[in-house]
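There are 2 protein chains.
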Amino acid sequence: MTPDFLNPDELEVALRQIGAERYHILHPFHRLLHDGKLNRGQVQAWALNRYYYQAAIPAKDSWLMARLVSSELRREWRRRIEDHDGNIGPDGKFQGSGIERWLKLAEGVGLEREAVIRADQILPETRFAVDAYVHFVRDRSVLEAVASSLTELFSPKIISERVSGMLAHYDWISPETLAYFTPRLTQAPQDSDFALAYVKQHADTVEKQQAVLGALRFKCDVLWSQLDGLYFAYVAPGMIPPGCFVPAPERTPEATSA
Amino acid sequence: MTPDFLNPDELEVALRQIGAERYHILHPFHRLLHDGKLNRGQVQAWALNRYYYQAAIPAKDSWLMARLVSSELRREWRRRIEDHDGNIGPDGKFQGSGIERWLKLAEGVGLEREAVIRADQILPETRFAVDAYVHFVRDRSVLEAVASSLTELFSPKIISERVSGMLAHYDWISPETLAYFTPRLTQAPQDSDFALAYVKQHADTVEKQQAVLGALRFKCDVLWSQLDGLYFAYVAPGMIPPGCFVPAPERTPEATSA
Numbered sequence: 547m548t549p550d551f552l553n554p555d556e557l558e559v560a561l562r563q564i565g566a567e568r569y570h571i572l573h574p575f576h577r578l579l580h581d582g583k584l585n586r587g588q589v590q591a592w593a594l595n596r597y598y599y600q601a602a603i604p605a606k607d608s609w610l611m612a613r614l615v616s617s618e619l620r621r622e623w624r625r626r627i628e629d630h631d632g633n634i635g636p637d638g639k640f641q642g643s644g645i646e647r648w649l650k651l652a653e654g655v656g657l658e659r660e661a662v663i664r665a666d667q668i669l670p671e672t673r674f675a676v677d678a679y680v681h682f683v684r685d686r687s688v689l690e691a692v693a694s695s696l697t698e699l700f701s702p703k704i705i706s707e708r709v710s711g712m713l714a715h716y717d718w719i720s721p722e723t724l725a726y727f728t729p730r731l732t733q734a735p736q737d738s739d740f741a742l743a744y745v746k747q748h749a750d751t752v753e754k755q756q757a758v759l760g761a762l763r764f765k766c767d768v769l770w771s772q773l774d775g776l777y778f779a780y781v782a783p784g785m786i787p788p789g790c791f792v793p794a795p796e797r798t799p800e801a802t803s804a
Numbered sequence: 547m548t549p550d551f552l553n554p555d556e557l558e559v560a561l562r563q564i565g566a567e568r569y570h571i572l573h574p575f576h577r578l579l580h581d582g583k584l585n586r587g588q589v590q591a592w593a594l595n596r597y598y599y600q601a602a603i604p605a606k607d608s609w610l611m612a613r614l615v616s617s618e619l620r621r622e623w624r625r626r627i628e629d630h631d632g633n634i635g636p637d638g639k640f641q642g643s644g645i646e647r648w649l650k651l652a653e654g655v656g657l658e659r660e661a662v663i664r665a666d667q668i669l670p671e672t673r674f675a676v677d678a679y680v681h682f683v684r685d686r687s688v689l690e691a692v693a694s695s696l697t698e699l700f701s702p703k704i705i706s707e708r709v710s711g712m713l714a715h716y717d718w719i720s721p722e723t724l725a726y727f728t729p730r731l732t733q734a735p736q737d738s739d740f741a742l743a744y745v746k747q748h749a750d751t752v753e754k755q756q757a758v759l760g761a762l763r764f765k766c767d768v769l770w771s772q773l774d775g776l777y778f779a780y781v782a783p784g785m786i787p788p789g790c791f792v793p794a795p796e797r798t799p800e801a802t803s804a
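For the record, the sequence lines run as chains A and B. 547 is the number of the first residue of the first sequence in this note's numbering; add one for each residue after it. 547 is the number of the first residue of the second sequence in this note's numbering; add one for each residue after it.
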């Protein structure tokens, strides 16, 4: 059966439906995280692996920018890279960045900064999923690449769940440690408003609409697969692949709070 | 014979020697341009074709940025894209850009803005050379990609020759029309200082040094070939390829100044 042609608002409904069914807010690892059911080592594994994703985003966005054909579009897309890589102010000082704030998060949960940057102990699932995302953006149409960013439509909800849940349940995590997420609450909607409008305007055939929906499904899989890997290695059955991060033995609450 | 290993300063000398021998400041088309020997249609052909090169630079730089592995390096390289694509100020207004200034130049010499942007009447030589540059940066090592930017070491001289020559010889070209070149006189040295230091630091084997020298030769060829195409089509023998820009018949001086 050939899919129907959708008007732009129907396309948006279909995109949001994919999020409702496939976004990683539904993944059990996320629920364990925000319910405070993960121990420190499991949270460390999450922070360590997720860094590889964070660090790849500006590369992904640069691949996309390389194929945009106007200054206007590139300027819009460049803002994402600025959010992640940061800027040097007029005083010559680094003004902070998303990647830097994620490193602070990783340090805040007890990881060593250089080990996080090296990323030599992340899970193969993380590496394969993140690399697949970068390659998707590099190799598919610009329209599909833009559409693959649309998981940001759903991120404010997962971020607020994550932050409130983690602060409520982990007394060893401070608001400063989670500072990464605060600007994301305004950056993500700004980004996704643009991307959604772009997709609604340019997906003007049945074929393009199906490609756009497929791109968002693909991206949901990228996020989902990362949590699958974490769950499998660090929750159940807890089989850590060779060479990957092994958390230190859990200390007693007394020792932990010391 | 195996080439000698060069210390960093010897490598710089070898790079500058390539410029002295192969930079397009030596091309007869450049000399005709700055000596005021080209008519309006020939200058238009130059502005039209060169726009395709200008417009490709931020794509080239995005490809490179996509493969840089630190925020610091990407921020440094991002400045080049900002110079070409411009920024929106805090007041929401576009603050100008290199590409926009080149369009003003093209309009100033009598071309229609939209026709320049469409780039559907440029020479095949222009398209092949510029695309080869973009692909070189995309496909070669980061070191070679950085080295290919080093023609900027030589650009302040060609720019000042071009501007003074054009203003002296063409009464239909105003300083405003040539505003593109003014910021380039400070941007290019800032860019090439960084790129030269990078290359001198990272080309630490004979093989890498040869690759770096080859990259700069390649880039000189890219610039040279564009002027070859213009000379061949619009100077001598003046054979314009099918479908390419055909200048309007030269008007009399009286009509021109009307």
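Calculated from the structure, these hints are not laboratory results. Check the hints yourself; a few may be wrong.
[Claimed, not checked] With a cut-off of at most 30 Å between alpha-carbon atoms, the simulated BS3-like pairs for lysine-lysine come out as follows:
hint	chain 1	residue 1	chain 2	residue 2
1	B	583	B	650
2	A	583	A	650
3	B	583	A	639
4	A	746	A	583
5	B	650	A	639
6	A	746	B	746
Between residue 746 of chain A and residue 583 of chain A, does the CA-CA distance stay at or below 30 Å? Cα-Cα ~40 Å, so violated.
Measure nothing beyond the straight line between the CA atoms of residue 583 of chain B and residue 650 of chain B; if it is 30 Å or shorter, mark the hint as holding. Judged against 30 Å, a Cα distance of about 22 Å means the pair holds.
Is residue 650 of chain B within 30 Å of residue 639 of chain A, Cα to Cα? violated (35 Å)
Mind checking the alpha carbons of residue 583 of chain A and residue 650 of chain A for me, to see if they're no more than 30 Å apart? holds (22 Å)
Against the 30 Å threshold, does the CA-CA distance of residue 746 of chain A and residue 746 of chain B hold or violate the hint? Distance ~48 Å between residue 746 of chain A and residue 746 of chain B Cα, so the pair is violated.
With a cut-off of 30 Å on the C-alpha distance, tell me whether residue 583 of chain B and residue 639 of chain A pass. Roughly 49 Å separates the two Cα atoms, so the pair is violated.
The structure shown violates the earlier hints numbered 3, 4, 5, 6.
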